[in-house]
Structures are given as structure tokens and as C-alpha cells.
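Residue numbers (the numbering used here), protein chains in the order written: chain A, 1 to 204; chain B, 1001 to 1207.
Derived from the structure by calculation, the hints contain no laboratory data.
Computed from a predicted model, the values in this text were never measured in an experiment.
Even glycine gets a Cβ: it sits at the ideal position worked out from N, Cα and C.
Warning: the hint list may mix true and false statements.
Stated by the list, open to error - No farther apart than 30 angstroms at their CA atoms in a straight line, the calculated lysine-lysine pairs in the BS3-like style are these: (1) B:K1080 - B:K1035; (2) B:K1090 - B:K1068; (3) B:K1175 - A:K62; (4) A:K197 - A:K97; (5) A:K115 - A:K150; (6) B:K1035 - B:K1175; (7) B:K1068 - B:K1080; (8) B:K1069 - A:K197; (9) B:K1080 - B:K1090; (10) B:K1087 - B:K1035; (11) B:K1175 - A:K197; (12) A:K84 - A:K115; (13) B:K1175 - B:K1080; (14) B:K1090 - B:K1133; (15) B:K1035 - A:K197; (16) B:K1120 - B:K1080; (17) A:K35 - B:K1175; (18) B:K1080 - A:K150.
Unchecked claim - Footprint (simulated), chain A over chain B, 3 or more residues, beta carbon under 8 angstroms: (19) 1167-1175; (20) 1178-1187.
In case you want the letters, here they are:
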Amino acid sequence: MNKPKKTIEMGFTNEYFPESCHICLIYDSEEQRQKIVAEYLAAGIKQGEYISYFADQTTFDKVRFWLKGMAIEIPQDENNELMKFINALSYYNRDGKFEPEKIIEGVEQRYDNLKQKGYSGSRATGEMSWAIREGACIDRLLEYEVLLNKIDHPFPHTGMCQYDARLFDGATLFKVLQLHPYMIAHGQIVRNPFYIKPTQTEKR
Amino acid sequence: MKESRKKVPTGLTQVQFPESCHVCLIYENEEQRQKIVSEYIAIGLERGEIVRYFTDQTSPETVRSWLKKQGIEISEAEEKGDLGFAKAEKAYCPDGQFEPEAMINRTMNRYEESKNAGYKGSRACGEMSWALKGIPGSDRLLEYEVLLNNVSNSFPHSGMCQYDARLFDGATLFKILQIHPYIIAQGQLVQNPYYISYDYYSNIKNN
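Based on the sequences and whatever the hints tell you, model everything.
Given below as C-alpha cells:
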């Protein structure tokens, strides 16, 4: 288990990062967001990773358009080889209920399967505003974010959670900020000084 | 000018920060906040600064009790005027409306006066929820914070703006996070990676 972690390109920064990186993107302008998300997706595609986009506010055509601007042609099928485009609410809130443990269950195996299929890694991004829709639950989302930080077995999955600051209340946004080891500031990935480790969360 | 580069202890970390330090404290629980605020006040008094606390949600009695809990005796400091409490509404909007330039002038004057009176410096701590009460001009709060960053090089005043995350909406909180060069993260004073400098901010505003 002491094997050095593989580092990968994120797309919008020259720095390389560990393959398993849980990143928070808080934004209040579409322009900021688009640049980062598009470059993040493009870098994953170029590196031969399995890409999942969990959408809530953005259409598939829009994301295809962003990538087209970066000379990447995504087929029209939402379940294509380059990128899976998934409705966030129906994925997370399956059967009308969000169960963080179920979402995380089996990730390791899923990751092994991807590797066997020839993908070099796995990268996802999600628009977290699905959690403020009717029937969803913001508290469980926060639990899910903590669980993601707790996965300690080798699960080299990169994830970027997109939070539109205009849609969340201040208290939730401040909690979100404390649950991601990495965050994006000025288009760069930085270690998040607000991050509270799961063990510390439990003590509180 | 040379003086403004002076490094002073803030009471929150071993690292010394510039005397003109504009700090943002975002919090969502009282316990975190109590400790930080009382340390911030205590170290100011210990250094011989003039300390002002602008209350909105908290009464002076409550703040006094926090300090007492930390073993800090303040009755003498209050008597001498080293430590003073004022209602945030009155301090930020003395004429019933908020004017960023006027507020900054008052802060600069307080610094001058305190230096003349033999104080080592000036520090203020304010509860920013006063800005949520619909007082005319309170929509200029962000403008004020940015302006403060621009002038704080010329007068070494330290200030801590307290924002209760439970009272502000996400968009405002995110902007607030971007206009303070220093923030408190997990009880430590750190340089804020989200901070947007004054020049940069003016540029995006003008474009």
C-alpha cells in the first residue's frame, strides 16, 4: 500500500495532483465555472479516464458545446464512450431516497472494472444543486461528503463537486467549504484551509 | 509608512501578521467564535492597543463573560477607555445611513487619536449582521470591505469582521470570503486563498 500515488492533470492548472482528489468548486458566475469544468473534463478525456457528469442545471448539449470549444467532439448519445451524462437527482435520489452509503458501496469494484476495460482512471463532476430540490435532503448530502473523505482504501477516483453559491444558504455553504480537502480558488486547486477531517467532524 | 509594515501578534496563531490586518471570521457556532473573538480582544489589550467592539447580536455583557471565562480581567481596561463597546448600527451608520468613506475616515481618525494618546495601535471587531437590517446604504457593505483593503496599507489598523454564516445567503457569503486578505480557518489566522486584490476587483467591476 506504500506504492506512490499516481498523479494526474486537472486541466486548468499546470500542477499535477494525486489521482484521488475530492475538490470543491464554489462559484457565482457561469463564466468562471465553465472554464474550470470544461478544462477539467477535457483533461480527463485526454488522459483516457472514465468521465461521469452528474447534471442538475446544465444540459448535455451545453457541456458538449463547451468541449467542442476545446476541440473535443462528444457523441450525441448521453451514454457514450467519452463521457456519461447522468441526471444527478435520479442518480443520487434513486427510489426517491438518497442513501450515501449505497452510492459509495461497491466503488472499489466499479473502479477495478473500469481499469479492466482499459480506462486509465475515473473522474466525475456533479452539480450539487440537486440536493435542494424537493424530496432531496441537504443534511444527507453533507454526510455523503464526509463519507467520501473517509474512504481510506485505494480508490483513486477524482471528483469535483460544483456548488452554485447563489443557490445555497450561507450556513450550508460554509459547511460545504469545510468538507472538501481541496478547493478551487482563482482557477487553481489549493489545499483547503477550512477542511475538517472526518475524525474531527465526529468529535464535534 | 515604515510603521505599517510592523508585524504584531494577533492572539490567534504563533505566526505574526502585518499590523494592518483585515480579518474575516465566518462562523456557524458560538463556541468557535467565542474563543477567537476573546483572544483577539485580549491580545489587543495586552499590546496596549485601543480596542473597540461593535455589537449587533451579542450584548457587551456576553462578550465580557467570554473574556472572564478565559481568565481575562477587563474592568480596568473599560474604565480607562482602552476597551469600549458600541452598537454596530451606531458605529457604522451614525447618521442613520451607511457611508463607506465616512466609516473609513472615522477608523483612520481613531487610529490617529489613539496613537496621540499613547496607544500602541488600534483594533476593532464588528458583528456585521447590522447590514441585514435594511439601513440605507447597507448594500454598500462589500464596497466598504474592498475600500478598506485599499487603504489599510496607509494606516495600520487591525479589524476583524464577524459574519454569522447562518444569517447571510450563500452568494453574499462567497463574496465576503473573496474580499478579506486574511481569514480564520479552524481557529488559525491564515492568508485567504480566495482573496481578490483591490486592483483586480476594480478591474472586473469596471469591465
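**Request:** Please work out if B:K1090 and B:K1068 have their alpha carbons no farther apart than 30 angstroms.
**Result:** holds (26 angstroms)
**Request:** With a cut-off of 30 angstroms on the C-alpha distance, tell me whether B:K1069 and A:K197 pass.
**Result:** holds (28 angstroms)
**Message:** Checking one constraint from the list: CA of B:K1080 to CA of B:K1090, max 30 angstroms. Satisfied?
**Reply:** Status holds; Cα separation ~21 angstroms.
**Asked** When you check the alpha-carbon spacing of B:K1090 and B:K1133, does it fall within 30 angstroms?
**Response** Holds, at roughly 13 angstroms.
**Message:** Just to be careful, I want the Cα atoms of B:K1175 and B:K1080 compared with a cutoff of 30 angstroms; is the pair within it?
**Reply:** violated (38 angstroms)
**Prompt:** Regarding the pair B:K1087 and B:K1035, is the alpha-carbon distance no greater than 30 angstroms?
**Reply:** holds (21 angstroms)
**Outcome, coverage of the stretch 1167-1175 of chain B by chain A - at least 3 residues whose beta-carbon is closer than 8 angstroms to one in that chain** = holds (count 9)
**Asked** Is it true that the CA of B:K1035 sits at most 30 angstroms from the CA of A:K197?
**Response** holds (21 angstroms)
**Request:** Quickly compare the C-alpha distance for B:K1035 and B:K1175 to 30 angstroms and report which way the hint goes.
**Result:** Distance ~25 angstroms between B:K1035 and B:K1175 Cα, so the pair holds.
**Asked** Straight-line Cα separation of A:K115 and A:K150 no greater than 30 angstroms?
**Response** With a Cα-Cα distance of about 22 angstroms, the restraint between A:K115 and A:K150 holds, given a limit of 30 angstroms.
**Prompt:** Within 30 angstroms, alpha carbon to alpha carbon, are B:K1080 and B:K1035?
**Reply:** Holds, at about 24 angstroms.
**Request:** With a C-beta cutoff of 8 angstroms, work out whether three or more residues of the stretch 1178-1187 of chain B approach chain A closely enough for the coverage to hold.
**Result:** Three-residue rule met by the stretch 1178-1187 of chain B, so holds; n is 3.
In terms of the numbered hints stated before, the structure departs from hints 13, 18, listed from lowest to highest.
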